[in-house]
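Peer 1: Top to bottom, those sequences are chains A and S.
Using my numbering, the letters of the first sequence correspond one by one to residues 1 to 339.
Using my numbering, the letters of the second sequence correspond one by one to residues 1 to 411.
What the hints contain is simulated information worked out from the structure, not anything from laboratory work.
You may find that some hints are simply not true.
Claimed, not checked - In silico DSS-like links for lysine-lysine, alpha-carbon gap of 30 Å or less:
hint	chain 1	residue 1	chain 2	residue 2
1	A	Lys183	S	Lys333
2	S	Lys91	A	Lys264
3	S	Lys84	A	Lys264
4	A	Lys264	S	Lys333
5	S	Lys333	A	Lys301
6	S	Lys246	S	Lys91
To be verified - Residues from chain A that face chain S, not an exhaustive set, calculated with beta carbons under 7 Å:
hint	residue
7	Ser68
8	Arg72
9	Asn221
10	Glu258
11	Ala262
12	Pro265
13	Gln266
Said to hold, decoys possible - Derived coverage of chain S by chain A (criterion: at least 3 residues anywhere in the stretch with Cβ under 8 Å from a Cβ of chain A; other residues may be distant):
hint	region
14	98-105
15	372-383
16	403-411
From a predicted model like this one, the values you see are computed outputs, not experimental measurements.
Backbone N, C-alpha and C define an ideal beta-carbon position, used for all residues, glycine too.
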Amino acid sequence: MRQEPITGRRRFLKNCLASAVAVAAGDGISHSAAGAQNLPLIRSRVVIAQDPQLRGSDSTVDSQRMLSLLDRTMETLLRVSRPDEAWKKIVRPGQMVGLKVNALGGRGFSGSPRLAEAICERLQQAGIRAADIVIWDRDTDELERAGFHVCIAGNRVQCFGTDRMGYEDDLATWGSVGSRLSKILTQRCDVLINVPVLKDHDGAGVTIALKNMYGTIHNPNKYHPNGCDPYIADVNMLPEIRSRMRLSICDATTACYEGGPAYKPQYSWQPNALLASQDPVALDTTGWQMIERKRAEEGLKALEAEERAPRYLATAADPQHRLGINDPQRIERVETDLA
Amino acid sequence: MSREHYLQPDSSLAGAGFLDSERFASAGTSCLPDRRSFLRCALCAGAAGTISTMAHPLDAMSLSPAAQNQDDSQFTVEARFYQKLPNRRIKCKLCPRECSVGDRERGYCGVRENRGGTYYTLVHSRVCAAHIDPIEKKPFFHYLPGTLALSLATAGCNVNCKFCQNWDISQVRPEQVPADYAPPQRVAQLATQYSCPTIAYTYSEPVIFIEYLMDTADAGHAAGIRSIVVSNGYIQDEALRAAYGKMDAVKIDLKSFSESYYRQVVCGQLKPVLDSIVTLHKTGKWLEIVYLVVPTLNDGDAEFRGLAQWVRNNVGADVPLHFSQFHPEYLLKNLPITPVPTLERAKQIADAEGLHYVYIGNVPGHPAESTYCPKCGHILVQRMGLEVTQMLIRKGTCPYCGQLIPGVWHV
Ligand code: SF4
């Protein structure tokens with residue numbers, strides 16, 4: 001069901017300005033020679049960085065190699081030669097930065113805490129105070145179960161769930177969505193870095209960057225009908241989310257191609273990769289392609305054939321949303337391998 | 001979800017001596033505590049508690065940490081209406097939505113969770129709103145008028161009405177709203193203690209706390225307390241018969257007479273609700289229907305007429321039909337309050353279609369709040385807001401002409 005956004009004129013103007021700023025700041029969007037090939041001018045860059053040696057002998061992710069993989073990802077995405085240059089394009093000293101991870105899968109299948117640590121290290125080198133960084137998701141216990149070190153005070157990087165701060169009393173609304181937002185988002189983040197995982201999803205088709213924003217609202221259970229469409233796109237249009245979102249870094253060290261979103265070891269594989277983009281729609285489109293390729297390798301039907309292709313991507317890219325690009329021809333996919 | 005607000009209008013009464021014995025015993029709407037304080041005080045009073053114990057909210061508050069420390073497992077009970085599927089999935093068979101839920105996930109209502117292939121309700125005895133209300137507030141106009149109902153709710157709902165005035169309890173997960181442990185026997189005991197002949201399941205959507213409703217109805221009946229429910233009727237047939245079969249009276253919120261409205265404004269379907277109403281009528285439950293009139297969305301003459309004809313043809317002209325006034329809330333703040341002439345037009349149309357008891361609700365002082373004899377036209381139950389100011393029905397009949405007036409009029 002669709003409902004026109006319930007916004008006043010001032011809020012509407014504010015939203016327009018926020019969107020304009022977001023587009024103008026999008027270093028990931030390149031103005032290439034594509035026009036000459038009859039393709040639209042604007043393209044979105046998605047980096048897939050892999051490291052076959054990411055894991056140590058005990059198969060856990062190696063911190064140092066994760067840091068190197070992150071550096072390569074960011075340098076490639078933002079076309080710079082040093083990681084600090086890349087991060088300075090994302091954050092400014094004095095800002096409060098939130099890393100929205102996905103801890104739902106427990107220790108088996110949540111974002112690797114090593115990736116969050118690596119991002120925090122680089123953020124601090126870019127001038128962000130440790131205490132101004134918060135790693136967060138819906139629930140503190142879930143974060144702990146996923147292997148994150150909970151920290152709610154002091155001068156260290158903070159890590160806790162919305163259960164500790166609660167949700168705003170007022171509803172944020174856009175299109176079909178009316179939700180209370182996490183106070184961590186509204187009160188502790190000037191900048192949001194989306195750190196999702198790469199998973200199959202029984203309803204939406206896939207759950208990557210855009211759907212990870214369901215973890216910022218109080219009522220995600222209301223937005224699963226109809227393959228989560230248009231709800232995923234509408235949640236990402238909430239001004240409080242859209243105006244803060246700078247970057248998505250998907251943790252594809254372990255990924256899931258079937259049976260998601262719950263962790264099913266028999267349907268998971270280890271790409272040992274990071275996917276990054278400033279365009280979450282392009283990132284999700286690319287992640288979907290990876291999942292489809294793996295499904296084909298495993299002899300499974302395409303999601304389309306199972307009537308659960310991620311329709312929400314087209315909605316997110318449509319003229320009402322313009323959250324990014326879902327046309328693979330307009331996505332500049334850059335693969336890099338640390339090995 | 002209900003149009004009946006779960007918070008009292010004068011919230012400043014909370015924690016300010018509102019539980020002194022005389023005011024609480026009189027139990028008019030204006031002297032009631034806020035939902036949390038009432039329940040906490042009531043629960044803390046314990047079996048040996050007296051009203052005077054409850055006269056000191058601060059004493060009761062000092063016990064509150066115990067309530068907050070309650071373990072989630074206290075509220076977690078295996079659900080009653082679901083099917084196990086392969087791969088630890090389940091299909092919920094409680095409401096027509098039939099959520100298919102994977103391991104560690106919840107259904108649309110947000111209060112039922114799949115844990116390893118077993119489905120659980122997370123809200124058994126987890127009461128987030130509790131009041132003693134006049135039964136007219138539900139509204140029930142033909143069921144024990146002038147009596148009090150111990151009214152309670154848990155978090156959650158299986159639809160998402162854009163006009164919900166209780167959205168801050170109905171549209172949240174149980175862990176997002178303060179709640180207290182109120183097992184069925186305790187609720188029955190409180191109802192007895194405060195002279196409430198009925199327990200009302202209301203405010204949010206009782207369908208989603210059906211296990212608690214069933215157990216509490218049993219406990220209530222064992223103690224001589226009746227049960228009444230205020231529901232959207234969006235429930236599967238088996239669950240309806242099993243759970244609402246335990247109810248003594250049912251009020252259904254029929255939110256519109258159009259499928260598209262149900263789809264767009266309610267996030268549900270009309271057909272199963274109509275089916276529920278017919279089933280309830282056939283089982284002989286006392287039934288009343290409320291229709292919230294939302295300006296521009298469900299206020300057309302044709303819709304009023306279609307509704308009235310359907311009621312007359314399917315459940316009979318004697319089932320009370322209440323047209324209630326909408327107030328802008330939640331996601332429909334852009335619409336105005338329903339004009340009284342619109343409600344009067346709805347009533348005229350329903351009267352003309354031959355319905356005997358058509359009321360106008362949420363308009364205190366309106367003459368259509370009162371009950372009139374359909375034969376001689378005399379006023380039989382006079383109401384002013386939620387108060388019954390005159391009750392003339394004797395042995396279920398009109399004292400002027402002897403006409404039988406359907407309903408349950410005396411305890
Ligand atoms: S009761 Fe809840 S879980 Fe069950 S079908 Fe309805 S919305 Fe889904």
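Peer 1: Does each hint fit the structure? Answer for all of them.
Peer 2: Hint-by-hint comparison with the structure:
Taking the CA atoms of A:Lys183 and S:Lys333, the gap is near 23 Å; set against the 30 Å cutoff, the hint holds. Between S:Lys91 and A:Lys264 the alpha-carbon distance is near 19 Å, which keeps this suggested pair within the 30 Å criterion. The suggested pairing of S:Lys84 with A:Lys264 holds, with an alpha-carbon distance near 18 Å, which does not exceed 30 Å. For a cut-off of 30 Å, the pair hint linking A:Lys264 to S:Lys333 is broken: about 44 Å separates their Cα positions.
Between S:Lys333 and A:Lys301 the CA atoms are separated by roughly 45 Å; this puts the pair beyond 30 Å, and the hint is violated. With a CA separation close to 25 Å, the supplied pair S:Lys246 and S:Lys91 stays within the 30 Å bound. Using the Cβ-Cβ criterion of 7 Å, the hint placing A:Ser68 at the interface with chain S is not satisfied: the shortest such distance is roughly 34 Å. For A:Arg72, the shortest C-beta to C-beta distance to chain S is roughly 34 Å, which exceeds 7 Å, and the interface hint is violated.
At a threshold of 7 Å, the smallest CB-CB gap from A:Asn221 to chain S is about 4 Å, leaving the interface hint in force. At its closest, the beta carbon of A:Glu258 sits 10 Å from a beta carbon of chain S; the interface hint therefore is violated under the 7 Å criterion. Look at A:Ala262: its Cβ gets to within about 5 Å of chain S, closer than 7 Å, so that hint holds up. The criterion of a C-beta within 7 Å of any C-beta in chain S is not met by A:Pro265, whose closest approach is roughly 13 Å, and the hint is violated.
At a threshold of 7 Å, the smallest CB-CB gap from A:Gln266 to chain S is about 10 Å, leaving the interface hint violated. Given a C-beta distance limit of less than 8 Å, the hint that chain A covers the region 98-105 of chain S holds, as 5 residues qualify and 3 suffice. By the rule of at least three residues with a Cβ nearer than 8 Å to a Cβ of chain A, the coverage given for the region 372-383 of chain S is violated, with 0 such residues. With a cut-off of 8 Å between beta carbons, the region 403-411 of chain S has 0 residues touching chain A; three or more are needed, and the interface restraint is violated.
Consistency note: the structure conflicts with the earlier hints numbered 4, 5, 7, 8, 10, 12, 13, 15, 16.
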